[in-house]
Structures are given as C-alpha cells and as structure tokens.
Amino acid sequence: DVKVTQSSRYLVKRTGEKVFLECVQDMDHENMFWYRQDPGLGLRLIYFSYDVKMKEKGDIPEGYSVSREKKERFSLILESASTNQTSMYLCASSGQGAAQETQYFGPGTRLLVL
Amino acid sequence: AQSVAQPEDQVNVAEGNPLTVKCTYSVSGNPYLFWYVQYPNRGLQFLLKYITGDNLVKGSYGFEAEFNKSQTSFHLKKPSALVSDSALYFCAPSGDRGSTLGRLYFGRGTQLTVWP
Chain A
194 DVKVTQSSRY LVKRTGEKVF LECVQDMDHE NMFWYRQDPG LGLRLIYFSY DVKMKEKGDI
254 PEGYSVSREK KERFSLILES ASTNQTSMYL CASSGQGAAQ ETQYFGPGTR LLVL
Chain B
49 AQSVAQPEDQ VNVAEGNPLT VKCTYSVSGN PYLFWYVQYP NRGLQFLLKY ITGDNLVKGS
109 YGFEAEFNKS QTSFHLKKPS ALVSDSALYF CAPSGDRGST LGRLYFGRGT QLTVWP
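Protein sequences appear in the order of chains A and B. Residues in the first sequence are numbered consecutively from 194, following the numbering used here. Residues in the second sequence are numbered consecutively from 49, following the numbering used here.
Accuracy of the hints is not assured; some may be wrong.
[Stated by the list, open to error] Far from chain B, by Cβ distances over 12 angstroms, these chain A residues were calculated:
id	residue
1	Val197
2	Gln199
3	Leu204
4	Val212
5	Phe213
6	Arg237
7	Val245
8	Gly251
9	Tyr257
10	Ser275
11	Asn277
12	Ser287
13	Gln293
14	Leu305
[To be verified] Output of the computed footprint for chain B on chain A, the stretches with three or more beta carbons under 8 angstroms from beta carbons of chain B:
id	stretch
15	227 to 236
16	296 to 302
Because the hints were derived from the structure by calculation, they are not lab data. We put the beta carbon where it would ideally sit given N, CA and C, even for glycine.
Generate coordinates for the entire structure from the input sequences, incorporating the hints supplied.
If you want it as structure tokens, here you go:
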C-alpha cells in the first residue's frame, strides 16, 4: 500500500512564527503536492513538485514556500505564519504517469495560528 | 480558467435508496476524471477514475460514475446507499491528458448523509 505520512496531525503556532510541515511518501513517486482545505472551498493547490529540487506554483502560493531535497520528502514552509493560514493542510503524491496517475493523500495537518 | 462545479453542498438519502452526487467541469483539453472521498478527520481516499472506454466506471465500495462528454459531467452514483457512505465527496478533473505535471482541480465537495 502507498503510504503518505505527515509530521503532525495538529499544530498550534503564533503569528509571525516560521512553520515547517513535512510530508514523506514511501512509493518512490515523482510528483508531490501540497493543498490546503477550507470548509466550502474544497482543496486548493499551493505548490507541487515533479522532481527533486523542482517546484511549481499552484493556485495559492502566496505566503508559502516549499523544499524538496530528497525524492521522498516534500516540505511546506510558512515563512511568517498569519491567522489566515489557519487551515487543514494535505500532502499527496503520484507516479510519473502524470495526468492519469492517482494521487495518494496523507492524513492531513490541522494548523491553528493564534 | 479551470472550474469544477459540485452544485449540491449536501445530499441526504435514506439507507437502501440510490444516490447521485453531481459534478460538471470546465477544464482545457481532455482531462481524466477522478472521485475522492474524505471520512471525518481523515485524508482523501481514491474512489474511482475515468481514463477511456466505457462511460460507466466502477470503483471502490460499490460506487460507480458516469462520464458524459457532451455535458462535461462525471456524476457519482451508488444503487443502494449505506449509512457508512456518509462522508465528503470530491470531484477532481486532471489537467489535459498531454500534461506532464499531473495536477488535479478539485470541486468544493458534497457532504453526503445517509439516514438509517
């Protein structure tokens, strides 16, 4: 079974803090994705990566950055957390078949910024 | 701009009755089509996808989906609903088939509640 793990299920941070969300997949997948999920808005793509050290902006990249130094690990960074970044963050990975490949999701990190 | 419409925020059905969760999309090119389900406090789970061929696709847990190219729709169906089907359902077209980037466009989700 594909396994995607996220470093924390729940996280509480203060405004202005630098926040790291980590995601690890064990299926040697090329593609990895970070989404945020908010009620009534569905999932919105923040950033994705199709190879080590490569990244692409998604639909809402402002206020976020990412790092992919190893194939299995994709980190989402909030440089200076703000209250409007309180959300559920979901990581996903998929194989190299690109558009037809199924994305596999981690359990999510619920982030509260105070 | 790409868009995905799930016109019903909530769908309520009685156990044993058929259910339909609707999805229409406007995405450039010729996308693949996915449905995902999210149970409370969990990540998303893959249900089924349409790649090519028969317009009726069968997936996990007895779910199926019907692709209609002329209406750009991909409605999720189940002949007989179970209380355990209660969850949040997302429709997600891919980018164009020729794309190498493999991203999905998600709808806002439909909360399905099945009453005993």
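Status of the hints after comparison with the structure:
For A/Val197, the condition that its CB be more than 12 angstroms from all CB atoms of chain B is violated, with the nearest at approximately 8 angstroms. Chain B draws A/Gln199 into its interface by the beta-carbon criterion, the shortest separation being 8 angstroms against a cut-off of 12 angstroms. No beta-carbon of chain B is positioned within 12 angstroms of the beta-carbon of A/Leu204; the least distance is around 15 angstroms. Distance check for A/Val212 against chain B: the nearest CB is about 19 angstroms away, which clears 12 angstroms, and the non-interface claim stands.
No beta-carbon of chain B comes within 12 angstroms of the beta-carbon of A/Phe213; the shortest separation is about 19 angstroms. A Cβ of chain B approaches the Cβ of A/Arg237 within 12 angstroms, the least distance being about 8 angstroms, so the stated non-interface status is violated. The beta carbon of A/Val245 sits about 16 angstroms from the closest Cβ of chain B, which is more than 12 angstroms, so the claim that it is off the interface holds. Look at A/Gly251: its CB is around 7 angstroms from the nearest CB on chain B, not clear of 12 angstroms, so calling it non-interface is violated.
Even its closest Cβ contact with chain B, about 16 angstroms, leaves A/Tyr257 beyond 12 angstroms, as expected for a residue assigned away from the interface. Distance check for A/Ser275 against chain B: the nearest CB is about 23 angstroms away, which clears 12 angstroms, and the non-interface claim stands. Every C-beta of chain B lies more than 12 angstroms from that of A/Asn277, the closest at about 19 angstroms, which supports listing it as non-interface. A Cβ of chain B approaches the Cβ of A/Ser287 within 12 angstroms, the least distance being about 5 angstroms, so the stated non-interface status is violated.
Distance check for A/Gln293 against chain B: the nearest CB is about 5 angstroms away, which does not clear 12 angstroms, and the non-interface claim fails. In this structure A/Leu305 is separated from chain B by more than 12 angstroms, as the shortest Cβ-Cβ distance comes to about 15 angstroms. Counting residues of the stretch 227 to 236 of chain A whose CB lies closer than 8 angstroms to any CB of chain B gives 5, which reaches the minimum of 3, so the coverage claim holds. Interface restraint, the stretch 296 to 302 of chain A with chain B: holds (6 residues with C-beta to C-beta distance below 8 angstroms; minimum three).
Checked against the numbered hints above, the structure breaks hints 1, 2, 6, 8, 12, 13 and satisfies the rest.
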